[in-house]
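Number of protein chains: 2
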Amino acid sequence: MRRCFSTALPQRRRINIFRKMPHFMKVKDIGEFGLIGRIASALPPPPSHVVVGIGDDVAVLDGLNGDYLLATVDAQVEGVHFRFETTTPYQLGRKVVAINVSDLAAMGGAPLWALVSLILPSDTQVGCVDELYRGMGEEIQKWGGSIVGGNVSKGQSGVAIDFCLLGRVPREKVLLRSGAKKGDVVMVTGTLGDSRAGLELLTRDHGAVSPESRAKVLESHLTPRPRLREGQKLAEMGKVTAMLDVSDGFLGDLHHLCDASGVGAEIYLEKIPVSLACVEVARCSGADPHLWALTGGEDYELLFTVPARCVEEVRNTLAESTGVPCRSVGIVRGGADGIRLKDKDGKILSPSRATKGWDHFVPS
Amino acid sequence: MRRCFSTALPQRRRINIFRKMPHFMKVKDIGEFGLIGRIASALPPPPSHVVVGIGDDVAVLDGLNGDYLLATVDAQVEGVHFRFETTTPYQLGRKVVAINVSDLAAMGGAPLWALVSLILPSDTQVGCVDELYRGMGEEIQKWGGSIVGGNVSKGQSGVAIDFCLLGRVPREKVLLRSGAKKGDVVMVTGTLGDSRAGLELLTRDHGAVSPESRAKVLESHLTPRPRLREGQKLAEMGKVTAMLDVSDGFLGDLHHLCDASGVGAEIYLEKIPVSLACVEVARCSGADPHLWALTGGEDYELLFTVPARCVEEVRNTLAESTGVPCRSVGIVRGGADGIRLKDKDGKILSPSRATKGWDHFVPS
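First to last, the protein sequences are chains A and B.
With the numbering used here applied, the first sequence covers 10 to 373.
With the numbering used here applied, the second sequence covers 10 to 373.
Hints are not guaranteed to be accurate.
Repeated chains share a single entry, so a pair holds when one copy, or any two copies, can fit it.
[What the hints assert, rightly or not] Calculated cross-link-like contacts (lysine-lysine; reagent style DSBU-like; alpha-carbon spacing at most 35 Å):
| hint | residue 1 | residue 2 |
| --- | --- | --- |
| 1 | Lys-351 | Lys-151 |
| 2 | Lys-242 | Lys-37 |
| 3 | Lys-242 | Lys-35 |
| 4 | Lys-182 | Lys-35 |
| 5 | Lys-35 | Lys-356 |
| 6 | Lys-242 | Lys-182 |
| 7 | Lys-151 | Lys-35 |
| 8 | Lys-151 | Lys-37 |
| 9 | Lys-191 | Lys-35 |
| 10 | Lys-242 | Lys-151 |
| 11 | Lys-37 | Lys-248 |
| 12 | Lys-151 | Lys-356 |
| 13 | Lys-248 | Lys-280 |
Keep in mind that the hints were calculated from the coordinates and are not lab data.
Values in this document were obtained by computation on a predicted structure and should not be read as measured data.
Generate the whole structure from the sequences, applying the supplied hints.
Written out as structure tokens, the structure is:
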């Protein structure tokens, strides 16, 4: 009950407006997405030049010469998203850029300009900030954008990096999460669960894992590669009906896509793409690689839907132009069906709370 | 020595890249502006569509239909910028918008779209977030913008709000801090020091201060009013040669303007506009109101330069169109002169470290 219980004025009579509330609900009681829904419903409706506003990962804005302007922001907080015991500042810099580029990739967009807001304890080493910026500078340049401004503030504990990225997308090519139709096929690029396996290796020591597998999953976790060219290619083809990137976990993000599109989905467990490296790490730690693939999060692969007749064309074109495979993992159903997960015998598995994906505020 | 001393890989042999550095300089050793300079010089030069990049409060970007796109970000961190013992979440919401609108005002711009990144401990009350958004929503709407997106993350201690604001300015009207010329007159809107006086009342109790003065200075500190119309009017007139808003303290910001313009300045102490309310609070607390006016910060008044022949016209037009007074407080000198402060007898006062304005990382 420690927060927001006092108010400012008058000086010698501190009253408490929160005492008037019927109950003292906390953020962890409603979770990240409950909070975002509450925020979105309380704000006035945005003007017409806001094509997509609060609730999506990226705002779509009308105003740039001919194209839509895209705007997204994501934070990395010490002790929550990273620890300096398991990442270098250089790697962290690369990652914070990559995860924002991934958000633009999921719309078929391209990065332009970034603002970086750093919150730093005053005993932070300058070399740490240098390395952080070296990572951010290299990664943003790789994807065609540049850092154009920001802010540095003192913080009381831990480093926090807020990375705000602006980009553009041709107006007629923009891909949203809201266009999936019943009968569409659910597809995903690359493999899922590698980042979760990498996190496992950073948390617990598994000496039996081969160096190749170790390197692969650690790279997936520490310096993920956003699917920028892949997202742009998918947008260019004009066949994809809805898309987002897998950051909260495949099932969590599939929920977001289904909610936005007003549809349900049926997912076939044996079709979920899992790498041999992920399987190896999971085996060494006694975990289920499919659970990691479904709920691990931070994969930064693209999750999208296409009409059934276009699946072959989309798969082939993407593989030929980018070298990245994509797989059909399920089918879009009517909204009332929700999300159903089937094993190879057709048995329906019930996703428990643990398989709903990542929520910042809800203890898992 | 606690930060950034470990690195990620390989798992069982943590090496430390910072050991290779010749010394372990910390952020507090070089300060906020030293750090920003270091960051700016290490990044690759931005492409040509970045008109103003790192180092200014606002990035100026070429791409919006006909106008320049403006982008700025500012953070409010609990325990550093605010305490919930002395501000309500509603007031805090209004303030974080106002200080960003003020940055656009200083360029003659107008707000369009905002992204909010919140870092919240999970025991934060939902009512606190509601109130924060009510404040942000009301304030941004007042100035013609809207909140279009953002992010919420868990934090480990304290609330932090990163507010990223995008806006526009007609290409031929944009005002930068870099255009001041020798012989120009230094001018400032409104009065300085009120916010510092408000902070004083929130920190220490001064029972003798009149209710009117108390209300005025507390409002200046808790819910400052950005000079948006004034900034736009000044830009529209086309007479102002350089402008910024007073956020780090008058002398600190004058340093920024002089550095960017390659000039010096002579300031006349008795011309610095100080309100009766500020004088009253300072008297009650045994402080010098002029020191508060010169270095207090968070005034969000506009500091600008105009050719001497335009001073009367600028003052009259601004007063007639907005009701806000502005005053001549000094004169722009050659770069070698630095900043000189003169008292009413013409005696040169030496600004000490304490009069250089606010730096996040340097203890005052």
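Given a CA cutoff of 35 Å, do Lys-151 and Lys-35 count as a within-copy pair, a between-copy pair, both, or neither?
Cα proximity of Lys-151 and Lys-35: across copies only (29 Å, versus 41 Å in one copy).
Pop the pair Lys-191 and Lys-35 into one bin, within, between, both or neither, using alpha-carbon distances up to 35 Å.
neither (37 Å within a copy, 57 Å between copies)
If the cut is 35 Å between Cα atoms, do Lys-242 and Lys-151 qualify within a copy, between copies, both or neither?
within (17 Å within a copy, 41 Å between copies)
Given a CA cutoff of 35 Å, do Lys-242 and Lys-37 count as a within-copy pair, a between-copy pair, both, or neither?
neither (39 Å within a copy, 46 Å between copies)
Between Lys-242 and Lys-182, at a C-alpha cutoff of 35 Å, which is it: within one copy, between copies, both, or neither?
Within one copy, since 10 Å is at most 35 Å while 39 Å is not.
Same-copy or cross-copy closeness of Lys-242 to Lys-35 [CA-CA at most 35 Å]:
The answer is neither: 43 Å in one copy and 44 Å across copies each exceed 35 Å.
Regarding Lys-151 and Lys-356, is the shortest C-alpha distance of 35 Å or less found within a copy, between copies, in both, or in neither?
neither (45 Å within a copy, 56 Å between copies)
Indicate which option fits the pair Lys-351, Lys-151 if close means a Cα-Cα distance not exceeding 35 Å: within, between, both or neither.
neither (40 Å within a copy, 52 Å between copies)
From the Cα coordinates, with 35 Å as the cut-off, is the pair Lys-151 and Lys-37 best called within, between, both, or neither?
So Lys-151 and Lys-37 pass the 35 Å test across copies only (32 Å; inside, 37 Å).
Up to 35 Å CA-CA - Lys-356 versus Lys-35, copy category
neither (38 Å within a copy, 59 Å between copies)
Since the copies are identical, ignore which copy is meant and state whether Lys-37 and Lys-248 lie within 35 Å (CA to CA) inside a copy, between copies, both or neither.
Cα proximity of Lys-37 and Lys-248: none, with 39 Å in one copy and 53 Å across.
Taking 35 Å as the upper bound on the Cα-Cα distance, should Lys-248 and Lys-280 be classified as within, between, both, or neither?
within (22 Å within a copy, 67 Å between copies)
Taken one by one, the earlier hints fail for this structure at numbers 1, 2, 3, 4, 5, 9, 11 and 12, listed in ascending order.
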